[in-house]
Amino acid sequence: MTTNLIYFAWVRERIGRSHETRDIPDDILTAGDLITWLASQGEEYANAFSNPDAVRVAVDQTHADHGQAIAGAKEIAFFPPVTGG
Amino acid sequence: MTTNLIYFAWVRERIGRSHETRDIPDDILTAGDLITWLASQGEEYANAFSNPDAVRVAVDQTHADHGQAIAGAKEIAFFPPVTGG
Amino acid sequence: MAVRVQAQDFDIGAEIAALQEGRTDIGAIVTFTGTVRGTTKAGDITSMTLEHYPGMTEAELGRVEAEAHGRWPLQGSTIIHRIGDLAPGENVVLVVTASRHRHAAFESAEFLMDYLKSRAPFWKKETGTDGTGNWVDARESDEDALERWAKP
Amino acid sequence: MAVRVQAQDFDIGAEIAALQEGRTDIGAIVTFTGTVRGTTKAGDITSMTLEHYPGMTEAELGRVEAEAHGRWPLQGSTIIHRIGDLAPGENVVLVVTASRHRHAAFESAEFLMDYLKSRAPFWKKETGTDGTGNWVDARESDEDALERWAKP
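Order-wise, the sequence lines are chains X, U, B and C.
Be aware that the first sequence starts at 23, since it is given in the numbering used here, and climbs by one per residue.
Be aware that the second sequence starts at 23, since it is given in the numbering used here, and climbs by one per residue.
Be aware that the third sequence starts at 55, since it is given in the numbering used here, and climbs by one per residue.
Be aware that the fourth sequence starts at 55, since it is given in the numbering used here, and climbs by one per residue.
Just chain X, with the same shape it has in the complex (with noise of 0.2 Å):
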């Protein structure tokens, strides 16, 4: 499946980039898993990822929780919990 990833705040500085398209291996169906999986994706993805249970998920744009299913989602976002207000 191929994914628009986002990330966003100490995510994004971490990975050093904003925005990717990822080819997603078909064996990643939740949110959860595709944290675990992008966190083997080299240093600053371990970085970004080391603890998952700060980072939160949006499916296509809707706040998800990590044992959300991920098929057929166009984007998915990585940040960490909102601080604006």
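Keep in mind the hints are simulated off the structure, nothing from the lab.
To give a feel for the contact side, a few chain C residues facing chain B, derived at Cβ under 7 Å:
#, residue
1, I66
2, G67
3, I80
4, A82
5, F86
6, T87
7, G88
8, P142
9, R156
10, E164
11, M167
We put the beta carbon where it would ideally sit given N, CA and C, even for glycine.
Following the hints, position chains U, B and C against chain X.
Same frame as chain X, but now just chains U, B and C:
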């Protein structure tokens, strides 16, 4: 005791004046006594004070219960429940 | 802290700016603006007349404001209440509170309005479209609103 | 209902006037303004940078606003959030709610802020007086603030 009496809103309209100075008999001890006594001072007063519970009192510009002593008061005001804001 | 009773309108943006001027320790500002509704329980109205008790009004608003500053860590507050004849849509009352964090600003503004509604000596008279005047009745819900501020 | 994400400042008085224009059925208007504090947990700062998720931000704010209109009888609401670099004292966020009565206006404004703080995808980075950047941590109290809005 010579005291300034002040009336607001429909209390003022029913009595037909906004303020007056009255010599109050010595046996009038509380705000409630004063209301009862004023109600006997003519038709317009009887009309204004026909329902004493509907009338609020301030003694020297501070909210007061009907049971409050009025000895030494310089200014006593009578008005309906407030409706500002 | 500032309390004003006036016939003229107020400028909400200017009142906020006055509280903020020269300081960077405020994080949250809440304003409440009360306006004249054109249709009330009594029907359509053409104007609302605000009567007040000069002297006591300012004293009572000052007491309420001081009480709010005792309960919440406020960096500023402003209360403005208009008097005289007001048309539907016009401003009646403004409360502004400033604090470091939002909950103090929100709660103190609500507190000020709840107390103002039940304690400040103002009285509203509506004039209906048929020209008749009608003193607005106090609402029991305004008295009830005070209960949540009762100290344990 | 209106949601805007913008770099430029907002004019609170103008936003209120826009909600009121041409109508006399509003009785209560509440505004909340969030501003940059010059001193935070991390010490003195020289600027605050707001990053956001374009598209999702507007969608999320729109959802929150629609939820507020479902819960309270609102006659209007506006949410404006700034992005980019802001100096201490500058405005960050504005929420305006308009209703017939004050409790709906107060509660819905608090609701909008509580949800915005925990759901809208904005991130703050502080720059300290020594030039170091520091992403602001989410506050647990902001998540707790949502609990009172949970439906029974």
